[in-house]
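Participant: Next come the chains, spelled out residue by residue.
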Amino acid sequence: MNNIKKYNYFIFIEKITPLIAVLLALLVGSVVILLIGEDPIFVYKTLFSNAIGNRDGWGNVLFRATPLIFTGLTVAFAFRCGLFNIGGEGQMYIGTFLAAWVGFTFTDLPALILIPLCVLAAAAGGALWAAVPGILKAKMGVHEVIITIMMNWIASSLTFYLVLVYKAPATEDMKAAGVQQMIPHTSEIAEAARLPRLYHIFKFFNIDFPSYNQVNVSFLIAIGIAILAYYILWKTNLGYEIRAVGYSPLAAEYGGISVSRNIILAMMISGAFAGLVGTNEVMGFKYRWRQELFTNLGFNGIAVALLGKNHPLGVVLAAILFGILNYGGAIVNIYTEGRIPRELIMVLQAVIVIFVVISDELVKRIIRRRRKIA
Amino acid sequence: MPEVILEMKNITKRFPLVVANDKVNFTVYKGEIHALVGENGAGKSTLMSILYGLYQADSGQIYFNGKKVNISNPNVAINLKIGMVHQHFMLVPPLTVAENIILGMEPRKNNIFIDMEKAIKKVEELSENMGFKIDPRAKIENISVGTQQRVEIIKVFFRGAEILVLDEPTAVLTPQEVEELFEILRSLKKQGKTIIFITHKLDEVKVLSDRVTVMRRGKVAGVKNTKETNQEEIASMMVGRKVIFKVEKKPLNLGKVALKIEKLEALNNKGLPAVKNISFEIKEGEILGFAGVEGNGQTELVEVITGLRKASSGKIFLNNQDITDDSPRSIREDKIAHIPEDRRQRGIISNYTVAENLILGSHYRAPFNRGLKLNFTAINNHANHLIKDFDIRPTEKDNLLKSLSGGNQQKVIVARELYGEPKLLIAAQPTRGLDVGSIEFVHQQILNERGKGKAILLISADLEEILSLSDRIAVIYEGKIVDFLDPNKTDEREIGLLMTGSTANKKLLKKK
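Chains as they are written, first to last, in this note's numbering: chain G, 154 to 527; chain Y, 15 to 526.
Among the clues, some could well be false.
[Claimed, not checked] The calculated label-pair distances, taken between Cβ atoms and stated as ranges, are: (1) Asn365/Y to Gly377/G: 46 to 52 Å; (2) Ser327/Y to Val295/G: 26 to 32 Å; (3) Ile299/G to Pro381/Y: 40 to 46 Å; (4) Leu270/G to Lys324/Y: 41 to 47 Å; (5) Val318/G to Ser327/Y: 41 to 47 Å; (6) Pro88/Y to Val184/G: 36 to 42 Å; (7) Lys123/Y to Asn161/G: 53 to 59 Å; (8) Leu515/G to Asn398/Y: 55 to 61 Å.
Derived from the structure by calculation, the hints contain no laboratory data. No experiment lies behind these values; they were computed from the predicted model shown. C-beta: ideal position from N, C-alpha, C; glycine also.
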């Protein structure tokens, strides 16, 4: 039947709208590049060939994508339960700080215990911070957006205070110069709490990969978490209930599903994902906690989830795209000696998100018009 | 030969999955009441949406007063003096009657200020012409559904309509209100207005209309002068086969008391008493029908029994076991099945597949849930089994529920709720909005359960349904049971009066 074909065609278009949006956004970007008197083809070529044209580039892209996978999943998972968790930022601060604290406090533990403990602390910190808006929403009906925003500020200030409490001691140089430690960061976490870089794994398989590349085991954890999120949502009883609450709380309640229990659980799982950013930035990269490491990663997760259509696979792909733009943008900046500022690439990211929203709505309208409503 | 005011010729409208209108010819004479009937999905609403400019036909022409017109949007239709009253009213609740009526074409004072005095006068004039009174200053949220419908009708004529299209106008009305609506429509006809009346209640066609067009599966199945046809003929044209109107009921075979309600009280969402001191019993093998105008506590009563709402006082016993204020899950486990009145909000998850919807409520138990993982083999087998037994169409278990017709959505709910042998079935408005074929099916299922010795609580605004299915009737008004009636010794008129609170009239009736 021709009609069925047409219908399937629209469903297909609906699924790939983000791709169309990305292409449109690149087109808009090239207009902007032309306006500042540069050659868009050269810019894009530099961007993509450096970001994904070689292994080092890929490593850098995946390193930048890793935290965005976590924060993207944070938003996507909560969204499946009908919740708009924009508190990923705060949940991330608390989770990552807790991971760092475990890492620099229990320095005597062996790696086999300390690494899982740090990962657990990261997840638990995020989950606890997200439980507050979850409980308030479930029991008192307070809107989660308000509470999560407020909790972001509390988390930001709280961790900043804690950093001063656990500030790293002055280095030998500082002592010699007679000054105190001025950088607001914590002590380093124990060697045993650090995640190895992927270089070591590649070396084991005799694959050539630069040892200085920062991509680390956290990326694998992120992929594992994405798979876990998919499995929970679509293969388990818990996921059935969470999505039922997201689609229709009234029908869920009627079906004997506890709406409040699932809201709290979904928020906590969502928050745990945010906390896990600590596996990358703390356990795999800087080995200590400093607030600037994380700034805006949580908020960027919203854009990633939107672009990835709140599906774990989409989130991973969107995070990688943002990784490409992020790293490629930095390279373009260097290659053009600053004539193409990094900010332009951030503009590109924003334009992509705007286009996704617009094209999504457009396609929905077209489909709605074509589909029988009567 | 009467004058033709409207002619729709060879209208075809395709949607991706269905041909909604297939070369439909539809002719309306000036000054007639024309009934447009057909099952759900027969294409009536699509045809009227094309007439009103909400949809564009893929092919075909519309002639108005003999002239070809292109109705590209509702404004064109309004300019042609075509007005439509939708099934769901388009009114702004906090505004007054007059404000709603003039919305979009307010009379002005000095070109700036709204001339409310003039508006109110005009509304009063219009309503008097139609033979009823209405308070133009009353707020919409404070007036009854029947009155709201009149506001909608006045609104249409305020815009100067000559043709009035009513989409299933009686679905929300009490029998008395229906009678009053028909009076209004007849008086409009006398004034020379033309009325198109969409319905699937055949008795209404008979008493009200001059002519009737029957649609089936997107095509016109026949056009008749109402006087020259009868309900059986129209029904068989609608369905395409003979329809059994009278349900076959086996003799009553009562068992022990299944459900016992004692002095139950509950509040509504606004925190006001909605269920007031209600007590009753249902025995096994019995259907107790609750008749009442919607919003008189039926919703709250069902919600309290099913655990969706807390009782403020009173007790509920199932087989002598106290289940008051148990959780919805535990009540389901006690084998109370519930066909909810609000199908779309409560009964289904429209973004879930048929298979997923068929396990709602038992999804967490074996065999559907096994350890950490859902058991998709069991879920799919269950779905295929029920799709076959209950004739759910289309038969694909992975279709999203929102792609199914209302009748098939209801079949999904009925299939799910009857599965697992409930002890008590609560069926609230089980056939609302369904077509003749689906109604027959649902009624048959309910009677089957009765035959199997299940207790059934039936709640319906459709008195015919209450009268034909129930073994006992409880009439509910403002949260109280006004009276219990024997369906064999009462009629729609008596129930209708009781459910509008006219207990005084009841005594008069009894005297006669």
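Participant: Please flag the earlier hints that this structure goes against, numbers listed from lowest up.
Facilitator: 1, 5 and 8
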